[in-house]
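Participant: Protein chains in written order, with my numbering: chain G, 1 to 249; chain E, 1 to 285; chain Z, 1 to 243.
Treat the hints loosely; a few may be bogus.
Claimed, not checked - DSS-like cross-link-like pairs, simulated, lysine-lysine; straight-line CA separation at most 25 Å:
hint : chain 1 : residue 1 : chain 2 : residue 2
1    : E       : K56       : E       : K96
2    : E       : K96       : E       : K149
3    : G       : K150      : G       : K167
4    : G       : K2        : E       : K36
5    : E       : K136      : E       : K149
6    : E       : K96       : E       : K278
7    : E       : K278      : E       : K36
8    : E       : K96       : G       : K2
9    : E       : K41       : G       : K2
The hints are simulated quantities; they were obtained by calculation from the structure and are not laboratory data. Only a predicted model underlies this, so the values are computations on that prediction, with no experimental measurement involved.
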Amino acid sequence: MKTESILRAAVVIGFIVLIELLCRLGVIPTSVLLAPSTMVTHGADLLRAGKFNHDIGISLLEIVAASIVSVLLGFVIGLVIHALPRMRRALEPLLSSYYAVPTFIFYPVFIVVLGVGPLPIIAIAVLLAVVTMITATLDGLDRIPRALHKSGLVMRLPVWRSAFFIKLPAALPYLFTGMKLAVAYSFIGVIASEFILSGSGVGYAIGYAYNNFQNDDMYSLMLLILIAVTAVNMVLNRIDHRFQSRRQR
Amino acid sequence: MTVLNRPVPLKILEALPSQEPEEAQATLTGVTRYFKKNGSKELFHALGPIDLTLMKGEFFSVVGPSGCGKSTLLDALAGLSEPSSGSVTFEGRAVKGVPDGVGVVFQEDASFPWLNVHDNISFGLRMAGMDGAEIKRRTDYAMGFMGLKDFAGAYPAQLSGGMRQRVCIARTLVTQPRLILLDEPFGALDQQTRLLMGDELLRLWRETSATVLLITHALDEAAMLSDRVGVMSARPGLFIDIVETGWARSRDSRIVSTPRFGEVNARLWEMLRVESMKVMGTATH
Amino acid sequence: MKNYFDPLIVAIVIVACWQVLHLTVGDGSLSSPWSTLTELVHMLGTQAFWSNATETAKALGLALVIALAGGILLGVLLGVNRVSGVVAEPILLNLYSLPKVTLYPLVLLVFGLGLSAKVAFGVMHGLIPILMFTMNAIRQMRPVYLRASLTMRLPLHRTILHVVLPAVFPEIVSGLRLGFSLTLLGVLIGEMFASQRGLGYLLTSAMNLGDIRTIMAVALFLTLFALLCNGLLLMANRRLNHR
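Just chain G, same shape as in the assembly (with noise of 0.2 Å):
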C-alpha cells in the first residue's frame, strides 16, 4: 500500500514540475499558461489582498446549500422509493437514463424562471447531484442483508428504531458514497453555471478574467478549485475507507 502512494505522489509532482519547466523555458507561452509557482505566488496575494473573497464566499455558500439539499432530498426521496416497490418499478428507467441527459441544456429555463442569481444555480446544482443521492441510497438499503432486517423482527424491535438502530448503520457505507458523489456533482454545477452565465461567484470570476486577458488571475483561480476539490475528495475518501472494510461483497 505504501509503495503505491509513494508512487502516485511522486507522478504528479513530476507531472508539476514538468509543467513548470516547460513554462519556464518558453516551451509553452506565458499567454497560454502560466509557471505552476506564478499561479500559486500571484495566488496568495490575491487571497491577502481579498480581492475574489465575496466571490468565493458566493460560490461556497452555493456548493454547501446545493450539497446538504441534494443529500438530504436524495435521502428522503430513495427511502420513499425503497418502501414502494411499484414507484421503484415505474421510476427506473428514469433514474437510469437520468444522467444521459445533459441537465445543463435546462439551465436557462431555470434563469427565466427564478432569475439571475445564486437561485438557479443552486437548483441546477441540486438537479444534478440529487439523483445520485436517491440511487446510492435505494443501493444502500437493498444491500442490507435480509439477515439483519430479520434479526430486528426477532428482537421485536419498532419500525423506526429498526431503522434507526440497524438499517441506517448498515447502510451508512453506501450512503456516504453517494454524499461523496453528491458533493461533487454540487461542486461542478455550481462552478460550471457560474461560468456560463453568473454575475458571481468564483466561476464567473474566471470566465470574466478570461475575456479580459487576466491570465493571472484566471490561473490563480482555476488553481484555486482544482486545490480546494481536491482537498475535500481526499477528506471524504479518508472517511469512505474507514466504511469500505464494513462494506459486503
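Since the structure of chain G is already known, use the hints to place chains E and Z on it.
Facilitator: Quick look at chains E and Z alone, frame taken from chain G:
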C-alpha cells in the same frame, strides 16, 4: 520430514504388462516454491522440495490437504510459473514457459463466455493458424467424444457446470497434448456427475494415450482413476507417499466395489489424515 | 407489457406537472408541453436548426471516436499492470470530479474558438469514464482467462485482441454509455459559451433574447436524443450481460 517413501507394492492381478520401454514424460527435481508475503520481507514456503518422475502414458494423481501446494506443483510442471529452485523437464528438455504438447484444465471454468461451444473448442487451433479442414476434423471429433455435438451453437452461459468443464476438456483435447494436467476439474460438480466425469476422463486417457496428472482432494477419485497416487504433506508440500494401485488400463468406475479399492482408499486416508489434522489445527480463521 | 405501463404513468405525471408549472408561472417563463412540442416540430422543418444540429453532431462524433480510442488504449495499458492500475485510480477519480469548466479557458487558449475546442471539451469529459471502466474491467477480469491463453501459448498481441478485449467488452459498452452522455454534455457546454454555431449556441442566444419557446424546444430535442442513444446502448449492454 520423510521424502519419498515407496511402499512395498501390492501389485494387482489384473495388471497387464507394459509393452513399451518405461520412459519419462516429465520430471521435477528438487523443485521448491517460495512466495513473498504481502507487506513483509518474509518468504512463504509453499512447496517442496519435490522430486517426481511422470512415466509416459501413466495416470498420476496428487492428493493432499488444502493449502499444501498442489496447484503450485501443477503451475511449475506446466511452465506457468518458475520454481524458486530445482528443475522441471518435459520430454527431456527444460521447461521455460508452457511447452508445446502440454494441456491444462483448470479448477474454475475457463470457457470464454463470448464464444459458443464450437468456437471455444476450436479457439486454440484457430489462433495457431491451423488449416481449416484440420480444425473442423479435430473439433468435430472432440465434440463427439465429449458428447457436445448437440450443443455446438450454445453459449457457456446456457450450459451447466459439468458441460462447461467438458468444453474446457475438449478445448485441450483438440491440441492433442501428450501431457494433460487437470487441477481439481470436477471440484464444483456433484458426486454423481463426478463419477461419470471420471469415467470420461479414463476414456479420454485411453483414447489419447497421453500422460495424465490429476490434482484432486477426493481420495476415492484418485484411488479409482490412477496408476499411482502421490500423497502430499501439509504445507510446505512434500510427497510423503506414492501409492501404486496396479489397476488395469481398461478400468472404469465399477472398480469402486472391489476390495482392493477399499485398501487403496484406506491407505491414502491413513497418510492423509495426519496431515489434514495438522492443517485444521493450525487454521487461524 | 406490464412493465411499460408504470413508466408511462410516470411520463404522463411529469408532463402534467410541467403543465401545472406552466400555468403557475405563465407563458413568458415556461412554455406549455403542447406549445413546446409544436415549436419543436416547426423547428425541425427549418434549415437553421439542422445546420446547427449537424455542427453539434460533427463535434460529438469526433469527440466520441477520440474518447473511445484513447480511453480503451489507456485503459488497457493502465489495467494490465497491477501497480499502474492502483496508482492511477485515485488520480483519475480526482480528475473526474474536477469541474472541468475550470480548464476551459486553458483549452480555448490552446485550441482557439471553433470545432477543435468543442471536440477537446467533449473528449475531456468522456475520456475518463471510458478509461476507468476499461481499466477496472481488465483489473477484475477473471485471471483464469489469462492462464488459459498462456497454456494455449498465445503471443501477447493475440491475447489482448482475442481474449482480453472480448472479455471486457460489456464493461467497455457500459463505459461508453456514460462517456457518451458526458461527451455530449461537454460539447454542448462548449457551444453554450464559446461558439457561434451548434445547438448549445442556439440555447444561449435564445436565452439572451428571452425566447423561452426556443430554449425549451431545443432542450426537449436534446433530451429525446440523449434518451434514445442511452436506450440503444442500454439494450446493447443487456444483450451482452446475458453471457
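Participant: Hint by hint, note whether the structure agrees.
Facilitator: Okay, the hints, checked on the actual structure:
1. Distance restraint check for E:K56 and E:K96: the Cα-Cα separation of roughly 20 Å lies within the 25 Å cut-off, and the hinted pair is therefore satisfied.
2. Between E:K96 and E:K149 the CA atoms are separated by roughly 36 Å; this puts the pair beyond 25 Å, and the hint is violated.
3. A distance of roughly 11 Å separates the Cα atoms of G:K150 and G:K167; the hinted pair therefore holds under the 25 Å criterion.
4. Distance restraint check for G:K2 and E:K36: the Cα-Cα separation of roughly 16 Å lies within the 25 Å cut-off, and the hinted pair is therefore satisfied.
5. Of the supplied pair hints, the one linking E:K136 and E:K149 holds, its CA atoms being roughly 13 Å apart against a limit of 25 Å.
6. Annotation: proposed proximity of E:K96 to E:K278 is violated, straight-line Cα distance about 35 Å (limit 25 Å).
7. Using a Cα cut-off of 25 Å, the hinted pair E:K278 and E:K36 holds, with the two alpha carbons roughly 23 Å apart.
8. Distance check on the hinted pair: E:K96 and G:K2 sit about 33 Å apart at the alpha-carbon level, beyond 25 Å; violated.
9. Distance restraint check for E:K41 and G:K2: the Cα-Cα separation of roughly 14 Å lies within the 25 Å cut-off, and the hinted pair is therefore satisfied.
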